[in-house]
Amino acid sequence: MSIFDQKYGRRTVLKTGSALAGAAAIAPMGFVKGAYAADFRNDPGNSPTVTFGFNVPQTGAYADEGADELRAYRLVVKHLNGEGDGGMLNTLKPAALKGNGVLGKKVEYVTGDTQTKADAARASARRMIESDRVIMFSGGSSSSVAVAQQSLAQEMGVVFMCGLTHANDTTGKDRRRYGFRHMFNAHMSGLALGPVLKQELGTDRRAYHLTADYNWGWSVEDSISKTTEGLGWETANAVRTPLGSGDFSQYITPVLNSGADVLVLNHYGRDMVNSLTQAVQFGLRDKQVNGKDFQIVVPLYSRLMAQGAGENVKGIYGTTNWNWSLTDPGSQAFVKSFGAEYGFPPSQAAHTCYVNALLYADACERAGTFYPPEVIKALEGHEFDGTGDGPSLYRAEDHQVMKSCLVVRGNANPTNQFDLLEVVNIVPRSETTYPHDLYPGELGPYEV
Amino acid sequence: MMSVPAPQKDMRMFLIFVVVVLTSPIWLAPIGAGYPQLLQAFAIFGIFAIGFNVLFGLTGYLSFGHAAFLGAGSYTAVWAFKLLSMNIIPAILFSMVIAGLFAALIGFVCLRRSGIYFSILTLAFAQMSFNLAYSVLTPITNGETGLTLEAGDARILDPVYENAAAGGLPSPNFFGLEMADFGGYAGVYVCFAVLILAFYVYLRIFRSPFGLKLLAIKSNQNRMGYTGFNTRPYLMAAFVISGIYAGLAGGLMAVTDPLAGAERMQWTESGAVVLMTILGGVGTLFGPLLGATLIEYSENIFSAVNKTELIEMFSFLGQDGAAAMASVLSLFVGEGWLLTLGALFMIVVIFLPGGMMQGISIINERFFSKKPAGDGEKPGAGKAQEV
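Which chain is which? The protein sequence lines are A and B, in order. Start counting the first sequence at 1; every next residue gets the next number (the working numbering). Start counting the second sequence at 1001; every next residue gets the next number (the working numbering).
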């Protein structure tokens, strides 16, 4: 063959080839040594610090939530390290944290952008795990991203504390041993919203769903329509809309002709702001259908969205995980230190991220180690209070927190620019609890 | 005109390339890039970009739709994992086959036009595929949520006891060697091995009479026609080859991370590979690889820097100085990293139309070379590329 002339003869090529193969075989050893010396991935060992990874959407439809989550994470790191006023460290019961970091190690953090895309989120999370050596990562808006990161956590053996994710799948069919969710879910929204809808809108309604077309939207649509059908409502139609569509007019026009008298918007973030604003602009709320006032319901509400939609949210019902106007000591402590730091009250996304990171730190302290299986066992079946959610339980079977949640209504007469949601009902844990095998799934092993 | 370098010179170059790739975890570590996820991304986007260069660099046909093949490859690989086996071999082979067929289909229509019309047609097809994957084909692609492995998948070629393994999902493996083994470096070296093979094939295409004919199409398609060549089959072959490369890259994405989402078909991915190729040097042998590495590096490193880190970095300027510096620079990092990329792209296109390879060859000529450049793909090609 012409490429193997005298200068680069067969022997040279063979020799070089075998030398290269040897080099390739040895090359990884240098890096892997560290990984095997430790008992588990990213063991902080004798290092005086430990690193958390915060992976939030900084761009895309959920960027506002992401920004607020990041603020909460910065705050929780401060509080864990004993800076600031301590926030919920003072109200969490039982509490093992002392305000000297976690297990005596100062907490540091790195951040990443999930772009609200599963791919980008996993790439960013892998960077945190492989390059920045984080012991735990947390964050997220969007359930598809949360589910993707949770399975990564299981593969990698690094605990993931879910941020804002409301789909049933996260702790249902896609539950993972290394993933934990503090936020409530679509099923709990349905349980909470049912009685209020029955009282306010009656039992004879026709509902039309507009649903964000991914796992979260599907599960809200499913849970809410089951609830309303249980009340005796009919479901006129359920239309899927792509995530991040700016213009919903083509989806809203058919609502008027469908004979429906309730529009259920299974949207979140900027999608909800846009669809709600457009629905109101189309005059849906001024209509009379079947002799009743046309109503709009937003199953998952947040103050950030209410702020975006402005006047349009007045009188619209929905559920939320938490609201800053709550008066229990945990909520008050959190709102006070968040307000002192940033000058405005936190959103539900900030709350759930703050609490979940705090619970992880607390579990490490209680377990006396960062070794993930022990930390996981410390979280499973853990009863706690003082986080603004009433007495709560981290359920061992599906890693879902059982806690109270709120039914809210857009405030008709806000007293200030943040007073946008009026709490109609605090639904206690006893009413939102559901059997853990309702959405069956497998957690997977402790050791990976 | 391009002079083809002597074969032994190519062989030497190829061996150097192999050494550089295999040792990259060592020499990339000091700049913070020596970790598995990024190394895999270098290899995967490198494959994507060299495949794209076979079409764009050699024939001059600018496709804006290559993400469609990337996505098709990813979906195929995940389906191969779900239905056949967790072994990566069928996944990779099928992703190449399906992407190749898909490319033949799209190429058959698009190659009837050239220039801007070809670009727009490919863009339209890619956007169509994206929308199909995103909504209409949800049963196959699982839409926005993305296609993932599930415990109940068939995996007909895998032994049953593996399927029943308590709880956790199986992970992609190469005859038992799991991609996550050796702290993720197993996956990295699988990608490197595929990159080296792919690069060897690519090198041979460049040096073959077939490659020369593609270059001839680029310089004057009409004249090719007059000399009696039917150019369509050559174009078609180049298009399908680059589609197969894109499918291979997509398949590897699924191998290293068994998940496929519609966003891989979005036009931004098609745009990214165009950027990589132009940034590195269109039509040059190594340019696309360099471009891919640079873009992936900036995406992963710059996007992770936040303002607090910048303030620490410039703390030697005093508190006010550091804050001022950080507030300016923070526009270019974190979510603003695309701004950095845009600025870099403008600088390269304005001052080095032949891409980074042109820059390298200028440096080479000025400082290291005594004889005038005649090194084939380097400076001469830089000029030849300015169509």
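Simulated from the structure, these hints should not be mistaken for lab results. Worth double-checking, as some hints may not be accurate.
[Unchecked claim] Only pairs whose alpha carbons sit at most 25 Å apart, straight line, appear in this in silico SDA-like list of lysine to any residue:
#1 A:Lys106 with B:Phe1314
#2 B:Lys1082 with A:Leu443
#3 A:Lys78 with B:Ser1327
#4 A:Lys173 with B:Asp1153
#5 A:Lys173 with B:Phe1314
#6 A:Lys78 with B:Glu1312
Status of each hint after checking the structure:
1. At roughly 23 Å between alpha-carbon atoms, A:Lys106 and B:Phe1314 fall within 25 Å of each other, so this suggested pair holds.
2. Annotation: proposed proximity of B:Lys1082 to A:Leu443 holds, straight-line Cα distance about 20 Å (limit 25 Å).
3. For a cut-off of 25 Å, the pair hint linking A:Lys78 to B:Ser1327 stands: about 22 Å separates their Cα positions.
4. Among the hinted pairs, A:Lys173 with B:Asp1153 is consistent with the structure: their alpha-carbon atoms are about 14 Å apart, no more than 25 Å.
5. A threshold of 25 Å between alpha carbons decides the hint, and for A:Lys173 with B:Phe1314 the separation of about 48 Å lies outside it, so the pair is violated.
6. Proposed proximity of A:Lys78 and B:Glu1312 is supported: the alpha carbons are some 17 Å apart, at most 25 Å.
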